[in-house]
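A.B. asks: Each chain is listed here by its residues.
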Amino acid sequence: MGKRLCEDLQLVPSFPLERGLDFPLECGLDFPWSAALTNDRLDQLRGAAKAKRHNARTIAALTGNPGCSRRAVLDAAGVDKLGLADRLGFPGSFGQSRFALSRGNAFEAMLKADDCALLRSVLGADDAVGYQDLNADSLGDRHARTVRVLTDAQAALIDHPLLTLDVAGQTVYLEPDLVAYAHHGRLQVVEIKSFAIVDDQAESAKVSAAAVQAAVYVLALRELLERLGQDPALVSHEVVLVCPENFSLNPKAVVLDVRKQLSTLRRQLSRLSSVTALIEALPEGVSFDLALDPEQLITALRHIEPRYAPECLSACELSVYCRHEATGGTAALGRTVREALGGIETVTEVLDLAAGRREPSEEQTEAAALLRAALRLRTEALAATS
Amino acid sequence: MSTLTALARAQAVAAGRAQPIATVRHLHVHDHPLVLIPIAMAGEANAPLAAMIGTEPASPRLLVVRQPRNRDDRFAFFADLAEELLPYLESFATETEEVPVDRGKDVRLRYLDAPQIWLPNPAGVDFLRLLGRSTRFRTVDGEHPVPAGVPLLGRWLTYLAGSAEVPGSSLLLTAVQALTLHWATGQSSAEDAQLGALLAWIESGAAAAREAENGPVAGPATDPDFDNRVLAPLIERSAPELPEVLRELLLPTWDRMWRTLNLLRRLPAGERVRLRWDSDRDAYTAFAEYVAEGGAPQPRRDGAVAAAARLQRLESAAARYAVQRAFDDPLVLAEYRLSGAAFAGVVTLANPNRVDDRGKRPVLRPRIMVHTTEPVRMEPGTSLTSPARTAQKARVVSVAPAGDGFDVLLELSGGMGRKLVAEPGSVPEVGERLVLTTLSEAYRPGGSLPDPSDTPWTHGGPPEPATDPSDATDLSAAAD
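So the sequences go chain by chain: H and Y.
Per the working numbering, the first sequence runs over residues 495 to 880.
Per the working numbering, the second sequence runs over residues 20 to 499.
It is worth saying that the hints were derived from the structure and are not from the lab.
The reader is advised that the hints may include incorrect statements.
[To be verified] Cut-off 20 Å, straight-line C-alpha distance, at most; resulting in silico cross-link-like pairs (SDA-like, lysine to any residue):
1) H:Lys544 - H:Ala603
2) H:Lys746 - Y:Arg373
3) H:Lys700 - Y:Asn65
4) H:Lys700 - Y:Arg148
5) H:Lys700 - Y:Asp145
[Stated by the list, open to error] These stretches of chain Y come out as covered by chain H in the derived footprint (C-beta under 8 Å, 3 or more residues):
6) 114-123
7) 146-158
8) 197-211
9) 448-457
Backbone N, C-alpha and C define an ideal beta-carbon position, used for all residues, glycine too.
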């Protein structure tokens with residue numbers, strides 16, 4: 495299974511996306527859909543293609559833009575968004591550098607070499623703590639073994655565990671880097687990342703992405719314990735982030751409190767539950783089968799409301815198409831711009847209200863007055879100097 | 020984002036071209052700037068892959084690390100970079116001028132000019148800061164010696180990256196920030212971070228900007244696709260054509276950097292830009308002297324007192340920069356008018372020779388009445404300034420609704436000469452149009468801080484000397 499460490503969140507120049515995990519689905523696993531949602535309907539939405547699955551990253555991305563029904567539905571149906579964007583003629587560039595991958599793998603291999611010697615030392619876990627690698631062939635086996643190991647409460651480092659989380663009525667399989675059984679009988683999630691911590695500081699965007707991701711695992715672990723009839727509070731809200739220190743590969747472990755991320759996540763996930771309703775409301779015959787013509791796909795996409803924001807460009811494969819669609823709207827300029835323009839929907843409306851060519855509606859009155867004043871001031875200042 | 024700038028973005032969408040958001044240039048553009056485009060190796064902790072550097076548009080020098088994971092190659096790159104950068108940085112430490120200090124009782128020396136370095140984007144500044152961090156503690160002797168010039172390069176890069184944080188400083192500038200300070204595009208600020216697209220919005224328009232998005236990168240991060248398809252095979256077989264490929268990758272950005280400079284040069288400089296460049300020259304003089312005297316590398320983290328002092332400097336620089344930009348540029352001042360921190364009006368009454376003789380000595384306190392149609396949100400007693408007469412204070416005496424707006428009665432003090440009769444032109448005349456604002460250029464003294472050796476225990480006690488023992492092994496471990 496490919497490791498996915500060391501993502502590059504840089505916006506320039508292309509918009510790389512953290513790569514998701516491709517689970518070997520050909521092993522014929524059953525995904526326990528919620529009763530309301532039939533596999534048939536989802537299969538129909540997706541077409542003949544293999545389903546893309548949620549993972550901790552895509553769940554984290556969902557919480558970044560929870561209002562986007564389009565993404566929620568497409569992800570629920572496991573539609574290949576990258577392929578879809580390509581088919582529509584708006585390909586995104588979502589690769590990950592080989593160099594980044596190999597460094598991430600090297601770092602993790604180094605940590606786990608010799609029965610996790612280095613990892614133990616950085617985590618402060620002694621040799622008596624057991625190590626269990628659950629990297630088995632099939633998903634089902636791994637999940638079953640994860641459950642078994644977790645119920646059998648012993649201090650241990652559990653590698654490649656497989657957790658599940660209920661997202662919008664569907665079960666998502668998650669693979670944390672490591673779960674450590676701390677000595678006090680509490681479970682702790684360990685995230686291994688290959689971005690550097692230099693002088694106790696790291697890039698905040700990368701740290702917060704890691705924190706959200708770890709929070710997804712904490713949530714999944716807690717749900718699992720609950721299902722097993724155990725106390726979910728056994729899973730610590732403090733996660734351990736292991737990164738290379740300074741300009742070396744020497745590991746450094748820091749503890750992150752993810753309580754805030756957890757509550758955000760819970761709130762966003764509860765709002766997502768409406769995706770079943772969204773899918774049921776779609777007209778019969780709507781499909782995102784990549785074999786369809788681009789025009790048919792565009793018509794299908796129009797049935798689900800997007801919520802494009804510039805942040806999507808670094809998080810969603812379909813964003814370039816959505817941006818094209820959002821052209822002329824103030825949302826495409828970013829949330830702060832839209833707010834500064836009084837929340838007016840389109841650029842044309844903004845300019846018409848500013849120039850007094852359009853009568854403002856009642857809730858637009860205040861924004862319109864501000865826009866008129868802004869246009870007057872802008873014109874005056876530019877006229878004085880030209 | 021102010022509503023004025025947001026409106027300019029909306030206009031840019033409609034026009035398909037970037038729109039000006041400044042009427043003057045708010046930064047110093049050097050006659051002989053140095054342009055530097057660093058490119059990083061993906062996956063490594065701030066390892067350089069290449070850099071294009073030079074002071075002449077026609078003759079850039081390309082520095083390449085042929086094997087980015089090789090420590091010797093990396094330090095040879097640092098040595099080359101030092102060879103290019105240090106002579107430029109030191110070339111301004113020649114002629115000095117005398118600057119009076121302490122009310123003219125003393126003078127200090129200041130170099131007549133200072134260096135100016137241009138990078139494509141803020142990510143490049145972060146990259147240089149970390150390059151500085153990874154080189155400034157090195158030594159040219161001992162267990163892991165590095166080439167001469169490298170530790171000094173580290174000190175300079177650290178200094179320059181620090182100066183880029185000072186609002187209004189023009190020692191280290193980025194093309195993206197310089198352009199977005201003067202133009203608003205019809206895209207989001209996240210998309211503006213890409214120099215190619217940003218410049219295309221200004222030079223050609225929206226369609227060209229979309230084209231430019233898929234063009235070569237401006238660094239320091241490379242395109243993952245480029246890494247996988249082009250770079251990895253070249254590095255794997257140590258291909259001799261690697262420099263040529265990287266040159267091709269960097270040349271479009273190199274060209275854009277100089278076009279950016281030309282665009283900015285066409286704007287007239289704001290009146291107070293010169294003052295800020297004077298401060299930059301002061302700062303450069305101080306650091307060049309520190310380095311010349313063999314100054315120690317900057318600490319990994321500032322001590323408590325140094326950090327507080329730095330924060331104070333940054334805050335006062337930010338305040339000064341905001342006020343100066345508003346006073347230099349009516350379009351920036353308009354933002355304050357929109358938010359109620361300024362208003363424009365016409366003088367309807369003036370009593371230029373009014374003398375207040377209630378105190379011990381009679382003082383000249385002319386009064387004027389200004390009529391404005393803009394909202395006035397100032398309370399009586401507020402002290403206002405007009406950008407046209409910054410030495411003069413106008414105290415609000417009363418605000419009364421009148422006609423379609425307000426009549427504001429103001430009492431003036433300062434900037435009218437020493438006599439009891441105002442110097443000609445120092446008091447606004449009836450009919451003159453004025454902008455009055457709560458912004459003020461007045462000097463605001465900062466709080467006093469203890470000597471670092473007296474740092475109280477609540478703040479960690481006196482800082483320890485700057486050493487970094489862990490560093491010596493850093494790269495040797497990474498090079499394995």
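A.B. asks: If a hint holds in the structure, say so; if it does not, say that too.
C.D. replies: To see whether the hints hold, each was checked on the structure:
no. : hint                : result
1   : H:Lys544 - H:Ala603 : violated, 31 Å
2   : H:Lys746 - Y:Arg373 : violated, 72 Å
3   : H:Lys700 - Y:Asn65  : holds, 15 Å
4   : H:Lys700 - Y:Arg148 : holds, 18 Å
5   : H:Lys700 - Y:Asp145 : holds, 15 Å
6   : 114-123             : violated (count 0)
7   : 146-158             : holds (count 3)
8   : 197-211             : holds (count 6)
9   : 448-457             : violated (count 0)
Checked against the numbered hints above, the structure violates hints 1, 2, 6 and 9; every other hint is satisfied.
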